[in-house]
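Assemble the complex: chain A is given as a structure, and chains B, C and D must be docked to it using the hints.
Listed below are the residues making up each chain.
There are 4 protein chains.
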Amino acid sequence: MNINSLRNNFDKLDPHGLGERLRSVRARTEALCAPLEKEDHCIQGMLDVSPPKWHLAHTTWFFETFVLLPFGQNYQVFHHAYGYLFNSYYETVGTFFPRSQRGLLSRPTVAEVYNYRCHVNAALDQILENYTGQNWQEIAERIRLGIEHEIQHQELLLMDAKYNFFINPLKPAYHSQSPIRCPEPPPLAWMEYEGGIVEIGHDDDQGFSFDNERPRHKTFLRDFRLGTRLITNAEYLSFIADKSYQRAELWLSDGWRTVNEQGWQAPLYWIKEENNWLLSGLAGQHLIDLNEPVAHLSYYEADAFARWSGKRLPTESEWEYVAAKLPIEGNFLDSGRFHPDGARCSGLTQLYGDLWEWTQSPYQPYPGFRSLPGALGEYNGKFMCNQMVLRGGSCATAKDHIRASYRNFFPPGSRWVFSGLRLAEDL
Amino acid sequence: MNINSLRNNFDKLDPHGLGERLRSVRARTEALCAPLEKEDHCIQGMLDVSPPKWHLAHTTWFFETFVLLPFGQNYQVFHHAYGYLFNSYYETVGTFFPRSQRGLLSRPTVAEVYNYRCHVNAALDQILENYTGQNWQEIAERIRLGIEHEIQHQELLLMDAKYNFFINPLKPAYHSQSPIRCPEPPPLAWMEYEGGIVEIGHDDDQGFSFDNERPRHKTFLRDFRLGTRLITNAEYLSFIADKSYQRAELWLSDGWRTVNEQGWQAPLYWIKEENNWLLSGLAGQHLIDLNEPVAHLSYYEADAFARWSGKRLPTESEWEYVAAKLPIEGNFLDSGRFHPDGARCSGLTQLYGDLWEWTQSPYQPYPGFRSLPGALGEYNGKFMCNQMVLRGGSCATAKDHIRASYRNFFPPGSRWVFSGLRLAEDL
Amino acid sequence: MNINSLRNNFDKLDPHGLGERLRSVRARTEALCAPLEKEDHCIQGMLDVSPPKWHLAHTTWFFETFVLLPFGQNYQVFHHAYGYLFNSYYETVGTFFPRSQRGLLSRPTVAEVYNYRCHVNAALDQILENYTGQNWQEIAERIRLGIEHEIQHQELLLMDAKYNFFINPLKPAYHSQSPIRCPEPPPLAWMEYEGGIVEIGHDDDQGFSFDNERPRHKTFLRDFRLGTRLITNAEYLSFIADKSYQRAELWLSDGWRTVNEQGWQAPLYWIKEENNWLLSGLAGQHLIDLNEPVAHLSYYEADAFARWSGKRLPTESEWEYVAAKLPIEGNFLDSGRFHPDGARCSGLTQLYGDLWEWTQSPYQPYPGFRSLPGALGEYNGKFMCNQMVLRGGSCATAKDHIRASYRNFFPPGSRWVFSGLRLAEDL
Amino acid sequence: MNINSLRNNFDKLDPHGLGERLRSVRARTEALCAPLEKEDHCIQGMLDVSPPKWHLAHTTWFFETFVLLPFGQNYQVFHHAYGYLFNSYYETVGTFFPRSQRGLLSRPTVAEVYNYRCHVNAALDQILENYTGQNWQEIAERIRLGIEHEIQHQELLLMDAKYNFFINPLKPAYHSQSPIRCPEPPPLAWMEYEGGIVEIGHDDDQGFSFDNERPRHKTFLRDFRLGTRLITNAEYLSFIADKSYQRAELWLSDGWRTVNEQGWQAPLYWIKEENNWLLSGLAGQHLIDLNEPVAHLSYYEADAFARWSGKRLPTESEWEYVAAKLPIEGNFLDSGRFHPDGARCSGLTQLYGDLWEWTQSPYQPYPGFRSLPGALGEYNGKFMCNQMVLRGGSCATAKDHIRASYRNFFPPGSRWVFSGLRLAEDL
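Protein chains in written order, with my numbering: chain A, 1 to 427; chain B, 1001 to 1427; chain C, 2001 to 2427; chain D, 3001 to 3427.
If we strip away everything but chain A, and leave its shape as in the complex, we get:
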């Protein structure tokens, strides 16, 4: 198994630098779990959610399976059953415990999972310190992939903790950092872009990327406009006030069915109390801030809002074409707030961080796409159906994890993602 196609600027990545990044990312996962009680580590509040304990173990399993087992010298597997328990969906690695039952396992305990992490960390340290062999390039690329993988699970951890706390009638808070009240954002304005043939996708010479961002390729854009900022709670309230959740003509057929089956009346985490809307977040419940961007929408809701506005969602090509020229700055995981912030400048803003932006693009392979060889080929490619692309990262995404070419993807009915919405239109 050789993941050549991952190969990019890793030759520049020395074992020392890689090891430092590895340790700091691994430590951050544990720091993110620090506010959780042992009991909190076991809960799977709905099918999409995994217990925090499972994230701690699965990210460890990833290194064990893809780095230590093929390349570790005399590596001893920590526990023979963990391969079954903590494989997420890699069919070619072996069978795995049903996803829907992850919340039914009290064992291993949290303490045992931490032992597992220590065991694997130590073995990774050993590889990083001692290895000088011919496989170094391959090993480094896989460790780098494991690091990015673990960062993805850091965001999932926060998404899942937020959901698990939300459904608990005791309304526990993950932390006490109340969201900052936002000033009134500048009016929504429009940036114009000329179309033509453009290139999108990741350039192999530009450092790490996932396979689904490659190859860089030409595409044709029409002239378009992009909204300067994310849609706010205030704007979304107008949509609700216009009875949009009761008007079939604004919705895709599957969306309308979902709205009715699920009884949706507002985004996830909105709670109507008498005449007020409360928002349930990681810091508990608070009155909705009208100036914040609207969050935790499904694609269906984003699409309906766009239709109601007489606009549309951007394509992922349009989004990337614009974003690629901008520096990666914004409100990320690194701030420790894990809550979207309001737009604070009148130009084009919020493309990175705050909230993932739904695009109107189904998640499909780029022309010429090749998935990674072997089991790692299951990482992204097999999900390229029935999902929609989101772009730009969120307040739960690490800053050094995101790129202009980064493609996130979720089924159109998903709402526990830190997702938001930006409008576009044809010129």
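Think of the hints as simulated: they come from the structure by calculation, not from any bench.
Keep in mind it's a predicted model, so treat the numbers as computed, not measured.
Built from N, CA and C at the ideal position, the CB exists for glycine as well.
Treat the hints with care, as some may be off.
Covered stretches of chain A (chain B as the covering partner; in silico rule of three or more C-beta atoms under 8 Å from a C-beta of chain B) [what the hints assert, rightly or not]: (1) 84-96; (2) 212-222; (3) 251-263; (4) 369-383.
Residues from chain A that keep clear of chain D, each with C-beta distances beyond 12 Å, as calculated [as the list claims (entries may be wrong)]: (5) Arg21; (6) Pro70; (7) His119; (8) Glu148; (9) Leu170; (10) Asp203; (11) Asp204; (12) Asp205; (13) Arg337.
According to the in silico footprint, chain D covers these stretches of chain C (three or more CB under 8 Å from chain D) [as the list claims (entries may be wrong)]: (14) 2252-2262; (15) 2378-2385.
Just chains B, C and D, lined up with the frame of chain A:
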């Protein structure tokens, strides 16, 4: 309600010609039902299927609702409850009877549905004969849409009858026209096409189209090759023999789940009997013909076959770019056989007729898409999510109904469609 | 296979008399289907319902399987697949078509089913005319069982037709015999009975019975009172008006769950229209008659009404102890009205006919119960769990089919039965 | 709210004795949880199971709701939301958190639940120490009910822990007390009993009982025989070896459906490994002991075994009539082994302890039954439908909790109960 966007070469369409086409299409629907017993008209073999009786009534309701009620002079509704019973999914027209329960209605009887057809036919005749008013353009366009709509339901009628008979242990046949045994097809060869910016979509000056085919627009193609013919049963048997239905790595994640949940081992209508594969068709069961194109595949199976072949499915742009240069010739509904035929020439063939071809393109709005105004806007646009595009028509599609730009669409797990598969690859 | 335990006064039953009864019962089944259109014969409005066509065929299959195949001389099976299609639930006879899919079969057509009936009728005639052999006793007993079985399906036919028409928005009527308006019934009074050891169950010397009525056995009754008549719609309306469908404390736990899951607010076939309650019946919809007995209740509703009344339902022993002394008179299938009538005399009345009466007795084997040998043992015995006993027959039960010892049984949530309610209480 | 009907020999029960029993039972609940990790406290392995943490809290809520809130002087509710979270099913007390979601709550933590227990224990101590008022009788009866209620939940705790560990691929053990290997039991023999009118049910003068055991009443028994001991694993293996799980004729209809839907091939906790049967228990997995009584059967399996044996299950009247004459001795919770033991003497044995014995009696009200007044009336009465009675207690039942008249009840498909089987037959 004005459906300007439908407007194309209708001015050339005189009432007389339109009336003739209307009557012949309406008569063909009834002819297609002639082999059915009254009992056969009532059955809904699965959720996707509608009883033949329902098709007879719904196509009539379409004219009543969109032509006679807004434009008929003194038109008397045939039955006050039929609007509820035979509206398919037009939310803005009113509520409708649950689709899943269409097979629970013994009334109206078949005879009453035919009375309904007569009543509406007579009123349409009257409009066509007498009308000279200012709305003629609008009326003609709506009648034309109703005609194309009814042709679509003719294909559905055959799909549904085929399915309803298939699940019956008595194995009834719709007709006695056994499929013609096919000669061995020419070897699969590859046509090469140079990429660049091309235009696809329907040109408004070129006659009727559905809204989802418009507007004509530029897109960028890479160089590609297209297989000369459809994949055959013989080729698909190799895929099965290679244990592909048991190998997760060949499948999309949703496809693999579906294969296992549904216990798929072969395409729909394939029946293993001892060491033989039988095919269940409208003429009953017969030994599979290895030279025929493989039919009644889901998108998941078409995609897995392509992956197994080291190829891919074409995009809808590639398909249309190639097909647009070809005459519309092939094995259509008009032959009365309703069964795909084998490839009989060595060049590029079978693009039209025989079987709809799955493309790798999700069903999405074209850039600049506008759905029809009013309730007719629900015809196509609201389904642009979670479905895949098929192209080219089938042996159950009328010849004068299909075009290069025609976009059919179904969820990726659908198999009762007359669907097949053609391969493509990058140069 | 010898069904000795069926043996009772059959020696007195000559072939001639048996044949006459057979022919008249078989003819009545067909007469009951006469008002139905062909389309009506195919519908399965819910899982409990079977299409009328299925009843016509299944009752025929019963004679073919249990009489003609074991005892017919040179009997030729009508169709090799009918054994699979029309076996209801006799596991030891062979596999059978899934009950839930009976409404998915358009074939055999109604005409073919009638041919099947003719074929079997002719073969039965032949046996009855010519047979003088040693098996006569066994044959006669099985024919007698087949006759009673077909009468049971006559009631099911009416239950099912009523339901199928009810769910059709066109509100078709089975016949035009509107229910007779009832005079105000006499006030509910109480008959007192002294307890002690009594005998219930069928006495083998007293003619035909099903195995579940045997053996006659002793049981102990406490002193009790029995209500003189069935509970009326007026009385049940008081229960509804007292918000009983919203008060958990009146209901069994399973009943309360069912009320909420199903959204029950009234018995089946009650339709609230503005301020009126309509009843949907075989003669279409009409204003509810307050003087009629309340019909189409589940056990849960009957039990809740009794609790609300401060009374209870009778046990089956109590019911039988009282009924055994009464002549079998009442409003039966024979009248052709198929609708319950109001109480018309002030003494104990309505025990037979009008409506089956829910008892508080779970359907269990009597002490010493032996089911029939062989496949016929599946007739009754295997259902002795999770069902409740009803007594006395209904307006859709044939008069010569019912007895004091007759035990009908349905799951406690069933409502499409012609079921009603009589109260009892301890002294 | 006055629960007179609970009143029996409580006048003899002084506050001091009651307090001692309360404290020792409350302490035993906590001792039973001592081997569990915090993580184990949160798991709901299937719908019937509740997390151990929930049992700890719910038993506490019972005292808070039925003793402290109505009778505590200045009692301060521990947490306003616990009434909602820890009410099990008392509709008349208020709404409650959905049972199916008990495993989705990480909060309150285990530590918080223990604080809740302390808070309520202290308030109960205060009542027991200081109260001399007129309500003492009522209070004492409610405390006594709370004690028996908590003992019931001790058994549920063990049932639930056993199940939660069973489904965990790591196969954790609750404790290390392996079951004692049993000597070969004496051959199954039969005790004969003469029938007639007998009395069963609890006598009000004989101390505590639940409402469902009352009133003591006459019933009529036929002559019968009762098996001397429980059926063993060896005997049940013969049943399995006779392909009984594949033979429909041995099963009730609902049982046969369940066998096939659930894929049952053996009792719960039996695991086939190559040619051996392992048993999964609270001490982990071990080879099955042929001499042990067969455990964790559904009613359907017990009934099928009896039919296969040519016998039947006893009625609850028969069982009680026999058991009432025996001293309450056996293998109970008190031993700390929580595993059934083999029969060790040749006479009538094992009626109490080891395993609950399925009877053929549906759970129904006794003649003259009155449930407790108010919300406590929901304790037992509302479940008297669709459940079967079990008798005699198990190795997870406290010795001082069981009586001859004690009626346990579960739906016929339940298998996580410590249930077994004893045969009976008619003379």
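Structure-based check of each hint:
| no. | hint | result |
| --- | --- | --- |
| 1 | 84-96 | holds (count 3) |
| 2 | 212-222 | holds (count 5) |
| 3 | 251-263 | holds (count 6) |
| 4 | 369-383 | holds (count 4) |
| 5 | Arg21 | 31 Å, holds |
| 6 | Pro70 | 24 Å, holds |
| 7 | His119 | 16 Å, holds |
| 8 | Glu148 | 29 Å, holds |
| 9 | Leu170 | 5 Å, violated |
| 10 | Asp203 | 44 Å, holds |
| 11 | Asp204 | 41 Å, holds |
| 12 | Asp205 | 45 Å, holds |
| 13 | Arg337 | 23 Å, holds |
| 14 | 2252-2262 | holds (count 5) |
| 15 | 2378-2385 | holds (count 5) |
In the structure shown, a violation is registered for the earlier hint numbered 9 alone.
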